[in-house]
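Asker: This is what each chain is made of:
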Amino acid sequence: AGDTIKVGTFLSVTGPASFLGDPELKTLQMYIEDINAKGGIDGKQVELVHYDTGGNAKKAVNFAKRLIKRDKVDVIVGGSTSGSTLASMPEIEKSGVPFISLAGSVKIVDPVSPWTFKTPHTDRMAASKVYLDMQARGITKVALISGDGGFGKSGRAQSLALAPDFGITIVADESYGRKDTDMTAQVTNIRSSDAQAILNFGFGSGPAIVTKNIRQLGIELPLYQSHGVASKKFIDLAGDAAEGVRLPAAALLVADKLDDSDQQKAVLVAYKNAYEAKYGPVSTFGGHAYDGLYIALEAIDRANSTDKTAVRDQIEATKGFVGTSGIFTMSKDDHLGLGLDAFRMLEIRNGDWALVE
Amino acid sequence: MNRLKGFYVYAAVVALLPILFPDNYFVTVVGATILLNVILAVGLNLFIGYAGQISLGHAAFFGIGAYSSAVLTTRFELNAWLAMLVGLGLVYVIANLVARPILKLKGHYLAMATLGFGIIVNIILVQESSWSGGPDGLGDIPTLSLFGFDIDTDLRWYGMIAFFSLAAILVSLNIIDSRAGRELRAVHGSEFAAQMMGVDTVRTRTNVFVLSAMFASLAGSLFAHQQAFVSPESFGFGFSIEIVTMVVLGGMASTYGAVFGAIVLTLLPETLVVFEDYEMLIFGGILMGGMIFMPQGLFVFLTQKIRTVLNHRSGPSPKPQDAQKTLECDS
Amino acid sequence: MFDQIIQFLATGLSIGSTYALVGLGFAIIYNASGVVNFAQGEFVMLGAMSVVGLLGAGVPYPLALLVAIAIVTLVGFSLNKFAIEPARGASVVATIIITIGASILLRGAALLIWGKDIFSMPAFTGDEPIQIGAATLVPQNLWIMGITVILVLGVRYFFDKTLIGKAILACSCNKTAAGLVGINVKLMLLTSYGLSAAIGAVAGLLIAPIAFTSFDAGTMLGLKGFAAAILGGMGSSMGAVAGGLVLGVLESLGAGLISSGYKDAIAFVIILAVLFFKPSGLFGFKSVDRV
Amino acid sequence: MSIQLQQTAPSSQSKATTDPTLKVEGLASHYGPVQAIVDISLEVYPGELVTIVGANGAGKTTLLHTLSGVQRASTGSVMFEGEDITNRPAHRITAGGICHSPEGRQVFAPLSIEDNLQLGAFARKDDKTVIEAEIENIYSLFPVLKEKRLQAAGNLSGGQQQMLAIGRAMMGKPRLLLLDEPSMGLSPLLVGEIFDVIQDLNNQGVTILLVEQNARAALKIADRGYVLESGRVAFSASAEALLNDESVQKAYLGH
Amino acid sequence: MTILQAVNLDKHFGGVAAVTDLSFSVTEGEIYSVIGPNGAGKTTLFNMLCGYYVPSGGSITFAGKDLAGMETHQIAAQGISRTFQNLQVFYNMTVLENVMVGCHMRTRTGLIKAALRLPSVIREERQVREWSLEALTLCGLEHLADREAGSLPYGELKRLEIARALASDPKFLAMDEPAAGLNDTETVEMRQLIQRLKERGITILLVEHNMGLVMQISDRVLVLGFGCLLAEGTPQEVQNNPAVIKAYLGEDV
Ligand SMILES: Nc1ncnc2c1ncn2[C@@H]1O[C@H](COP(=O)(O)OP(=O)(O)OP(=O)(O)O)[C@@H](O)[C@H]1O
Ligand SMILES: Nc1ncnc2c1ncn2[C@@H]1O[C@H](COP(=O)(O)OP(=O)(O)OP(=O)(O)O)[C@@H](O)[C@H]1O
Ligand SMILES: [Mg+2]
Ligand SMILES: [Mg+2]
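Protein sequences, first through last, are from chains A, B, C, D and E.
Under my numbering, think of the first position of the first sequence as 1, with each following residue one higher.
Under my numbering, think of the first position of the second sequence as 1001, with each following residue one higher.
Under my numbering, think of the first position of the third sequence as 2001, with each following residue one higher.
Under my numbering, think of the first position of the fourth sequence as 3001, with each following residue one higher.
Under my numbering, think of the first position of the fifth sequence as 4001, with each following residue one higher.
Keep in mind the hints are simulated off the structure, nothing from the lab.
In this text the structure is predicted, and so the values were computed from the model without any measurement.
Incorrect hints may appear among the rest.
Stated by the list, open to error - Below, a list of computed lysine-lysine pairs in the DSSO-like style, where the Cα atoms sit at most 27 Å apart:
1) A:Lys272 - C:Lys2116
2) C:Lys2161 - A:Lys278
3) C:Lys2161 - B:Lys1104
4) C:Lys2278 - D:Lys3148
5) D:Lys3125 - C:Lys2186
6) C:Lys2161 - D:Lys3250
7) A:Lys308 - A:Lys332
8) A:Lys332 - A:Lys38
9) A:Lys38 - A:Lys94
10) D:Lys3250 - E:Lys4246
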């Protein structure tokens, strides 16, 4: 590529995972415009090439190819869902283009593939964070419920695998479909188990319905959700039933409530203000795109070229990058670069997020 | 007699395009997808267009083929071609097993049953993650190789898929133009009269169902190796509908119609991506418009147009009314 | 255990009622033209989304409900007038593809108008759970079941007892003859599209308070409604209800007693089994064709 | 056909002065590029019974379909009681007083016989009791229909369906009745009866245009007849003249 | 020699008895007609013979074989063919193709052979075309061979069904009202056609309301009334049977 830096992206802007892809795209567009207005990177303008996968893995593969072959992008920041990321990875790895995924599954970076990175916390981290909190409350018996999409399934697998490490037994294991309209049956089973808490992995409308159904059936157990519901929308949908729900999430949701000494605060507040001024309430998902974009561009900046290998190496050399999800320090063996501390445990109180400490 | 004139022209175009544009995304990548979809559409057309049946679960066979190849080559390190054959065999068995109960049904009931079958297969792929990889899918599928040649570039894949795709069309043309093909259409025209002429219609319907399922399985195996990754959502209800749409939009009971439908329906979204949020609106509109103004299908419409232009038939001919020749109601 | 099963049944009947309503919409258009309207789910979505939009614009709640039904009915009319009617000579399958196109178009339109968000809608009469025996339901569940019963009886009366209802049936079985006895086939089709759009809208605004709504909320409901209509016997209003309730209960029992991951598969296996023994559904007429 | 019969005036004297109930001029109709009827002109006067004869494929059915709005006319005009009804939709033509018992019966198969008959009166505004009385009347003509009144029409035997189709057309209380081969599939006993019924209706003042393969019987009760050949009116004459015409006998009456 | 034998046949639909305790036999090479009022059960009898309806009781034997339990295509394979009162034409094919389907049982090509289009397939196609044209010619339809079947008028469709049935080279042909919709002159042609078929050695079972035709060509006539046997005999005998006259023919015939 000549005098522009081409950033390619394929996102689920429509379809079931549009709540991921939509803020991600907006974030990319907003910041690239901003960067270009400020003179670009090394004097080069940044160009964004984007395709909407509609959440379809097959399309993701073709669009990845299209980005590589036809648009000849320098770096790819995209892949809203784990499914579309995993699907396009073989092609991207084969072509050797640096790729920063915005999807959650731990499988993307474990085992590490040479060209693929990611910015969101993994589902394994989410499960660990939840279990830590449960441990602190003395909970040992947990009812698990999850959506049967990629996110929920993967979260469920991690939750099942990690439970013994935290001395936790899973006493119920239920699931629901993406478009199910009522989860009372599953929740009824949970009610008759001897669980001390409930953990739900899922996104979209499902978790909100689960939350409402749980309260309707008069279950008063602590309810944990995953980072899949880390947007204001969840509180809107679940309404009163959301009170007391806990979830692990990036600090972005509570940016204003952070201590001023918090290293991330400046970045978070800046992102939040910029995004909300233009589009409305932030979600953590757009933040992942922010992190991915800046990690990529800073690597290109440091590499002083768009040579693919050089950029890849520089991404691996990312150190202490303060993003919205946490502080990233990557390496050859760690293509995520976040620690468990990047997650904050939040609780919904009075229709708003609150930090649990 | 030039029964295959159209086929030769089409084959020439398929062969020439990559020679003229060897590194063009729309030729080698989208083109390969089109050719793959052609296999699916041409196969399903035998069942829907000619035999007059309906299947809303065809993607399931596509998926079974793909997963057979994926699982056997990754988990059991079976030779890819062997895996493909095993997939075909598996689909043969499954299609035969479901055919008997399912093909008892007619019309919308058949649509529902095939749809249900498709959904069940998809749920199994999602739930049985221990071998299927679940919703996250299954990756690292080795590529195909032929005589020691790895099929590892888009161009080679184009060639590979083109070969099978052309073979599929040829087979379909041959079948239609034979006793077996007339059997299919007779089942469509009047099942009982066909039986009275000695056609074992249950067997006919089963055979064509199995055959079109095997077309799909073949396409699935190719797809798995080409993409090196499979996940259940590629084989869901939506894709089943898409294949049916290809067949109908192109023009039912016409092999070239199915080909045409596959081309249009693959290219359309690929070109509409630039419209972003308007994509769905436009796509839906085009689909409706196409069927409203060309209810017989694009291909039939175009060939008729060309023929009338060539024949210089003057004078407007009124639209034929759908005079009902049969007494029976649609069931 | 027994209490649980009661709860499963109650939940199943409530979910099933919404499937029944969607299935009823399918039955009406099928009765008039032999076509399965794949945009039926989108009517449901549009109903709910319109209410959300109207409430957002400050329209009072009960009025918003009525206006939403009117809007969707109009959409139904338009679908017939501008897409189905002009496609003269289209086969049943071609017409079905038109409705598939319409469903995509309507979803696309909803996306442009309301965006991708999921919306909630207030319940008709509050969220306070009601205990009925061993089962807990919310008031909205009762609204769903009640209105379903009323609509089904109405539709059944319409087709069985009124001449217009019979005229609609006549259209689907022989358009030519229908015209010859003086039935305005176009008008009947228009009526049936309007009617089933209205019923779809009602289903939408009944269920949205429980299950939320978004531009793509219609697809799955449409599919379940289709399954309900087929299970009960295509074209029969009682069948649609029976099919919907059976489907709902199967799902609920399947999820509760066997496996929530496989609950849809269980439901479909049972539908297939029923069709195997009753190829025209639970209440469907055997097709009458003589040679 | 070569012989020249004189173009007959309407049979009964009074009719000559009245306007025709049905006046068809230069009517043509196509199926796609195929022309099925060409330049057909004919008149039917009030109270007349006119029959149309012709070989298979002559265009008789197409003509009736074009009159009743099932088939589009490509040129020409159809006037009914002085009003131009060319290419009006079928249901409006029916409502205007023309009923058509079509070829191939076309009963509403899944509906009951009673429903079929009720629908026959769909275009009428009459009172329910009036209609019910008329249904009873049809039942007395065809008792077997009453016996099976609640059964699906599709399960009837061929001849029974034919009775139903005729009954359904009669239920429309037409001023002009188009009958396409009403005797087809009926037993000899009933063929006789059907012709009696047709004659009765005609005597009650219903104008009738009758297409029949049983040309002899048809001509016996008809006032006039038209002979159709390859979509054209070859000639027309009084029924009596046609019956006695040698070439008509040879071509249509089996002699 | 008896080719078809029905013994105590019964068929009822719910409460309606369509055929009751009917026994008769057809001799090889004859024209055997079945007449009777509308709804007497004639078509139902055909439908049982062809396996479309399963008899409620009784049996049908064809050339010594019991047809019970056989499927329609197996019955067809015995050498039975038929035409239909409610036309069952393949409207999605041309006239010639309709008849070519009739040759189904005389040919072998299956899916696989067809897919590969072996030389034998091409040869067979040629043969089928020849047979079909022959059958069309016999029925006077050869000039319509390439027309879409859907565009034929009613009368010609009836003859098309006969041509199709003939293409299967049947031993036994059941015809359901072949003359319906034909005028008297055309009926004469039909009579000649049926007679030619008889000369070819085809046994014919004829249902027809046209008494002129029936009485002229039938060897024997069976009269059904309300599903029961009313009379059987030569045309002469039947015609003069008072019960038949009362129930079916009417006084003035
Ligand atoms: N649907 C159609 N498509 C094309 N051509 C048709 C169609 N229907 C009829 N025709 C043609 O129109 C001509 C007139 O047919 P029509 O059915 O009116 O004849 P008819 O006089 O009623 O014959 P019949 O005595 O057999 O009923 C015939 O040549 C026929 O082939
Ligand atoms: N599937 C069915 N269901 C119910 N009744 C039936 C069915 N088939 C036939 N019938 C009844 O059985 C009787 C015999 O019918 P069939 O068609 O055999 O008469 P047919 O002798 O052929 O009369 P036609 O001369 O009018 O053709 C009729 O009363 C008919 O209503
Ligand atoms: Mg005719
Ligand atoms: Mg009969």
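Asker: For each hint, tell me whether it holds in the structure or not.
Answerer: Now for the hints, and whether the structure bears them out:
1. A:Lys272 - C:Lys2116: holds (20 Å)
2. C:Lys2161 - A:Lys278: Status violated; Cα separation ~58 Å.
3. C:Lys2161 - B:Lys1104: Roughly 33 Å separates the two Cα atoms, so the pair is violated.
4. C:Lys2278 - D:Lys3148: holds (26 Å)
5. D:Lys3125 - C:Lys2186: holds (20 Å)
6. C:Lys2161 - D:Lys3250: violated (53 Å)
7. A:Lys308 - A:Lys332: holds (16 Å)
8. A:Lys332 - A:Lys38: violated (32 Å)
9. A:Lys38 - A:Lys94: Measuring from Cα to Cα gives roughly 35 Å; hence the hint is violated.
10. D:Lys3250 - E:Lys4246: It is violated: about 32 Å lies between the C-alpha atoms, which goes past 27 Å.
Hints 2, 3, 6, 8, 9, 10 from the list above are not met by this structure, while the remaining hints are.
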